[in-house]
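Novice: Residues per chain, in single letters:
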Amino acid sequence: MSGPSTYVPQTGFTRWLDSRLPLVRFAHDTMLTFPTPRNLNFWYAFGAILTFCLGVQIVTGIVLAMHFDPSANVGAVPGSSLAFDSVESIMRDVNYGWLLRYVHANGASMFFLAVYIHMFRGLYYGSYKAPREVLWILGVIIYLLMVMTAFMGYVLPWGQMSFWAATVITNLFSSLDQITGGLKVGTHVATWLWGGFAVDDPTLNRFFSLHYLLPFIIAAVVGLHIWALHVPGNNNPLGIDVKGPQDTVPFHPYYTAKDAFYVGLFAILFAFLVFFAPDFVGNPDNYIPANPLVTPADIVPEWYLLPFYAMLRSIPQKLIGVLVLGGAIVTLAFIPWLDTSKVRSNRFRPLMKQFFWLFVVDCLVLGYCGSQGVDAAPGGVPLVWVARVGTAYYYGFFWVLMPLIGLIETPKPLPDSIAKSVLGAAQAPAE
Amino acid sequence: MATTTTAETTRRDFLYIATGSVAAVGAAAAAWPFIDQMNPSTAVLALASIEVPLETIQPGQSVTFKFRGHPLFVRRRTPAEIATAKAVPVSDLIDPIARNENLPDDAPATDANREIKPEWLVVSGVCTHLGCTPTAFEGDFGGWLCHCHGSQYDVAGRVRKGPAPQNLAIPVYSFLTPTRIKVG
Chain A
1 MSGPSTYVPQ
11 TGFTRWLDSR
21 LPLVRFAHDT
31 MLTFPTPRNL
41 NFWYAFGAIL
51 TFCLGVQIVT
61 GIVLAMHFDP
71 SANVGAVPGS
81 SLAFDSVESI
91 MRDVNYGWLL
101 RYVHANGASM
111 FFLAVYIHMF
121 RGLYYGSYKA
131 PREVLWILGV
141 IIYLLMVMTA
151 FMGYVLPWGQ
161 MSFWAATVIT
171 NLFSSLDQIT
181 GGLKVGTHVA
191 TWLWGGFAVD
201 DPTLNRFFSL
211 HYLLPFIIAA
221 VVGLHIWALH
231 VPGNNNPLGI
241 DVKGPQDTVP
251 FHPYYTAKDA
261 FYVGLFAILF
271 AFLVFFAPDF
281 VGNPDNYIPA
291 NPLVTPADIV
301 PEWYLLPFYA
311 MLRSIPQKLI
321 GVLVLGGAIV
331 TLAFIPWLDT
341 SKVRSNRFRP
351 LMKQFFWLFV
361 VDCLVLGYCG
371 SQGVDAAPGG
381 VPLVWVARVG
391 TAYYYGFFWV
401 LMPLIGLIET
411 PKPLPDSIAK
421 SVLGAAQAPA
431 E
Chain B
1 MATTTTAETT
11 RRDFLYIATG
21 SVAAVGAAAA
31 AWPFIDQMNP
41 STAVLALASI
51 EVPLETIQPG
61 QSVTFKFRGH
71 PLFVRRRTPA
81 EIATAKAVPV
91 SDLIDPIARN
101 ENLPDDAPAT
111 DANREIKPEW
121 LVVSGVCTHL
131 GCTPTAFEGD
141 FGGWLCHCHG
151 SQYDVAGRVR
161 KGPAPQNLAI
171 PVYSFLTPTR
181 IKVG
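In order, the protein sequences belong to chains A and B. Just so we're aligned, residue 1 is where the first sequence starts under the numbering used here, counting upward by one. Just so we're aligned, residue 1 is where the second sequence starts under the numbering used here, counting upward by one.
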């Protein structure tokens, strides 16, 4: 859909530059005149919202790093650490430090909220289907990088939750011992990650280094993601291909304005969280300095990882539990080939639509299970069994229902074109 | 230079492969320091052993010490607890191996193989699932319950309920005097 360039340099300087480095031409073609389906709805604003989130995290992160001390050694306060103390100093002493840290910490949650909506949107409208498989897989890679970055960032304040999250997650690798026998590959990997025999100062140092690095790698993969988007162009709520100029509008001003409006709404929600409930998504135990001898009574990850945590906990065998956890994310990369339907959008897939919404509910239920204690059984229903059913549905949805429904479902008739569907047959420009 | 296509292996092919091989070995050699720097440094490897005084620990009490960065449980077991632990057949255990560094690797996980003196249980406080510290005197087996993912251990530190795959590890230790042990 990226047709011939329509850029015409207007000044002597831009003509000179255009024949040497066509930077302005590139920006003009990708951000101004880029032909975009005219029927994109609210749910398509999350690409712009996510770009905003990445920018906020990088900018606040760079300045927070100016005040943060990545050391697990004990400083002036006994029982604490220089890292913990420096975060408290950011909160109390650094000018506007409280604001920058709360924006960064809540920014992670807002980032994941947006990315989940973005992913569910792609799932609903079939945005992973040919020719957008690479676009989708790059998205899965970005999500994986986001999880890694968020995890390492969570470790940095060196509170109780930081320390024990680092311990539990790095120990996931020790499950490899169960398949490598006497070689103890898993233990060696864990030791290598720690730089010692437990999570300690070397671990904190390297997590800080990588936490600073990964967002820039994310930014690079986002570049590829947008590149892969601009080759076939946007999918749209109808899931049918763009047939000609009558189906599109230029990106600017139509979608720059629409995206900016929704970024504004998103920023209002963001600001509400930062200014009125800054610790709402946080865990109070992380305001206790890390103690390697005492695990908090209830150790839970941040809300955005709860569904995966519920899956891990529902499996009573270590290695299988870890594989189920990892497989849940890896599965996403296979979706383009698991879905056998020729129709992209769930608007025209009456059967799939129902299972899609059941899948959304399933993710929320898994999240709830993950947030409760190990032995919780509200109303006499043991949540571990709810989580097992939820895990089975998660996998069943992708590996059984997706291939099967595409074969047995009769989709509703697709509209002839985006223009006809949006404007009505009478008003549609001649094709 | 003119190039000719020939099915026969030439000296030039050999030079290409040899040069490429040297470059690959060189790249691997250059990468190794960047990988190995993350392993424990010599300062970390120079681990000390600790001595633990036992006289203040009362029967039925479990005390936690820090050993090599991890918690270490020293538990003075009551006669009733010892009897309970001895009554468990090895066939009932999830992990039938003693996991005692003072014994051979294949020693069975009988209660006798889990201690030097029955009154004193000295075990690592690292849950063998994902490394949390279990809480003493909780769970269905009188030993430890790990709050992270629900694993349970008995009064000999043996895993009785998953997801943990192994018994709590027993480090190398010895009695210096009847009331003092050296661990490590």
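Rather than coming from a laboratory, the hints here were simulated on the basis of the structure. Careful, some of the hints might be misleading.
Chain A is faced by these chain B residues, among others (derived, beta-carbon under 10 angstroms) [unchecked claim]:
#  : residue
1  : S21
2  : L103
3  : D105
4  : A107
5  : P108
6  : L130
7  : T133
8  : H147
9  : G150
10 : K161
A virtual CB, placed ideally from N, CA and C, is assigned to each residue, including glycine.
Novice: Each hint: holds or not?
Specialist: Going down the list of hints, with the structure as the test:
{"no.": "1", "hint": "S21", "result": "violated (27 angstroms)"}
{"no.": "2", "hint": "L103", "result": "violated (17 angstroms)"}
{"no.": "3", "hint": "D105", "result": "holds (9 angstroms)"}
{"no.": "4", "hint": "A107", "result": "violated (16 angstroms)"}
{"no.": "5", "hint": "P108", "result": "violated (18 angstroms)"}
{"no.": "6", "hint": "L130", "result": "holds (4 angstroms)"}
{"no.": "7", "hint": "T133", "result": "holds (4 angstroms)"}
{"no.": "8", "hint": "H147", "result": "holds (5 angstroms)"}
{"no.": "9", "hint": "G150", "result": "holds (4 angstroms)"}
{"no.": "10", "hint": "K161", "result": "holds (8 angstroms)"}
When the structure is compared with the earlier hints, violations turn up for hints 1, 2, 4, 5 and for no others.
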